[in-house]
Structures are given as structure tokens and as C-alpha cells.
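Listed here are the chains, written in short residue letters.
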Amino acid sequence: GAGVSQTPSNKVTEKGKYVELRCDPISGHTALYWYRQSLGQGPEFLIYFQGTGAADDSGLPNDRFFAVRPEGSVSTLKIQRTERGDSAVYLCASSLRSSYNSPLHFGNGTRLTVT
Amino acid sequence: TQLLEQSPQFLSIQEGENLTVYCNSSSVFSSLQWYRQEPGEGPVLLVTVVTGGEVKKLKRLTFQFGDARKDSSLHITAAQPGDTGLYLCAGHPSNTGKLIFGQGTTLQVKP
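Chains A and B, in that order, are what the protein sequence lines are.
The letter at position 64 of the first sequence is residue 235 when you use our numbering, and the numbering goes up by one with no holes.
The letter at position 36 of the second sequence is residue 38 when you use our numbering, and the numbering goes up by one with no holes.
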């Protein structure tokens with residue numbers, strides 16, 4: 172079956188620009204997670220949704236970062252006034268529900284480069 | 003803050019050697035998960051350990067959850083070049099839906 176899809180796979184943008192990263196989760200998965208990952212490091216939690224609502228956004232680094240999931244399926248991570256330090260791979264994952272015994276299924280990520 | 007500390011961060015070994023990766027925390031986790039990630043891809047779940055003291059085996063990989071549910075280990079027997087990758091432990095702090103990851107262990111197995 173179809174897995175988690177992230178688009179674009181690569182995004183190069185200039186410092187100060189606005190970017191949107193999209194995540195299409197596995198159909199029927201109610202929980203959706205966003206992570207940021209630097210090379211050779213573990214994923215850093217940003218936010219997760221249960222349905223349409225953000226259940227925990229404690230990992231968003233500042234108010235330039237925002238994510239939505241208006242219909243409880245596709246999610247968009249939005250970054251305003253990008254900075255070079257935002258360069259990373261942004262991973263999206265979905266799970267059947269947000270519980271300890273429900274594994275996460277990851278997409279292949281969007282590599283964001285801010286020049 | 004509940005953190006997961008992994009060690010070592012990098013391991014380079016010869017094919018056929020054994021190795022152990024550790025995942026430690028000062029906090030209790032209801033479960034811990036192990037993932038493996040290859041370049042350009044997202045992490046893929048290997049196993050979930052739930053019960054303190056639990057041992058799970060996946061071919062040449064053995065996973066153990068500490069009795070106090072604060073730590074876990076991954077042991078690989080007779081490593082092969084195909085085992086090369088980034089190994090990550092992860093857990094849900096305080097029974098929340100949020101999943102946090104350790105820093106990862108990069109394993110390189112040379113033929």
C-alpha cells in the first residue's frame with residue numbers, strides 16, 4: 172500500500188523567504204508527526220497532531236514555524252522568514268493512533284536548504 | 003525533560019564482529035522502540051519493547067528492555083555490511099503521544 176509521502180523531496184530557498192512542506196500520511200492514520208533531522212543525528216520532535224488538532228507543539232523552535240492539518244489528513248509545515256539554521260531534513264510520520272504501541276511510519280523527508 | 007542518551011554515537015567494525023548499542027534515560031518509559039535509518043530514507047521500526055526485562059530477537063539482533071524500564075540495548079551478532087546504518091531508540095515520555103528519539107548510533111560494518 173501507499174506509504175507516507177512528502178513533497179517536495181528537496182527545497183532550496185533564500186534566507187528570509189517563506190516555505191511550505193507537505194505531508195500525505197497513510198490513509199486512516201489519525202496521528203501525524205513532524206520532526207527535523209540534522210546529518211547523523213536523531214530526529215528532533217517538532218509537533219504532532221491527533222486528528223485535526225495539534226496535540227503537542229512543544230518542539231516548534233519559535234513562532235516562525237507553524238503547522239496545520241485542517242481535514243485530519245494532509246499536513247503542511249510552514250516556515251516564515253527562513254534562516255540558514257533552518258536547513259535540515261524535515262521528516263513526517265503517521266501512525267494509526269498516538270499511543271505507545273502504535274508504530275510510526277516515516278516518509279523520506281524534505282531536504283530544506285536555506286542559502 | 004525526558005531525554006534518551008545513546009552510546010556510542012559512532013561505531014566502525016569489521017564484518018563478523020559483535021556489537022552492542024545502549025539507550026539510557028533517567029526517566030521511566032512505558033515502552034521503547036528501535037528504528038533503523040538508511041541515507042535518504044525515513045527511519046523504519048525494528049522492534050518495540052514494552053515489559054521491563056523483556057528480550058526480543060530479530061534474526062541476529064537482540065533487544066532488551068531494562069527491568070526498571072529506563073534503558074534498552076541492541077546487540078548485533080556477526081555484523082554484516084548490510085547492517086550499516088543509523089540506529090535510533092525512541093520512547094513516549096510519560097505516556098504521552100509524543101515520541102522522542104535518542105541522538106542515534108551510526109554503524110559502519112566493513113567487509
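Everything labelled a hint here was simulated from the structure, so no lab data went into it.
Here the structure is a predicted model, which means the values were calculated and not measured.
Just to be clear, a hint being listed does not mean it is correct.
[As the list claims (entries may be wrong)] Residues from chain A that keep clear of chain B, each with C-beta distances beyond 10 Å, as calculated: (1) Glu185; (2) Lys188; (3) Glu191; (4) Asp195; (5) Phe237.
[Claimed, not checked] Pairwise CB distance ranges (calculated): (6) A:Arg255 to B:Gly55: 30 to 40 Å; (7) B:Leu60 to A:Ser176: 20 to 30 Å; (8) B:Ser96 to A:Val239: 20 to 30 Å; (9) B:Asn26 to A:Tyr189: 32 to 42 Å.
Heads up, the beta-carbon is just placed ideally off N, CA and C, and yes, glycines get one too.
Structure-based check of all given hints:
1. Glu185: At about 24 Å from chain B, Glu185 (chain A) clears the 10 Å cut-off, so the statement holds.
2. Lys188: holds (25 Å)
3. Glu191: holds (19 Å)
4. Asp195: It holds; Asp195 (chain A) is separated from chain B by about 13 Å at its closest Cβ, greater than 10 Å.
5. Phe237: holds (18 Å)
6. A:Arg255 to B:Gly55: 30 to 40 Å: violated (46 Å)
7. B:Leu60 to A:Ser176: 20 to 30 Å: Cβ of Leu60 (chain B) to Cβ of Ser176 (chain A): about 27 Å, so the range 20 to 30 Å holds.
8. B:Ser96 to A:Val239: 20 to 30 Å: holds (26 Å)
9. B:Asn26 to A:Tyr189: 32 to 42 Å: holds (40 Å)
When the structure is compared with the earlier hints, a violation turns up for hint 6 alone.
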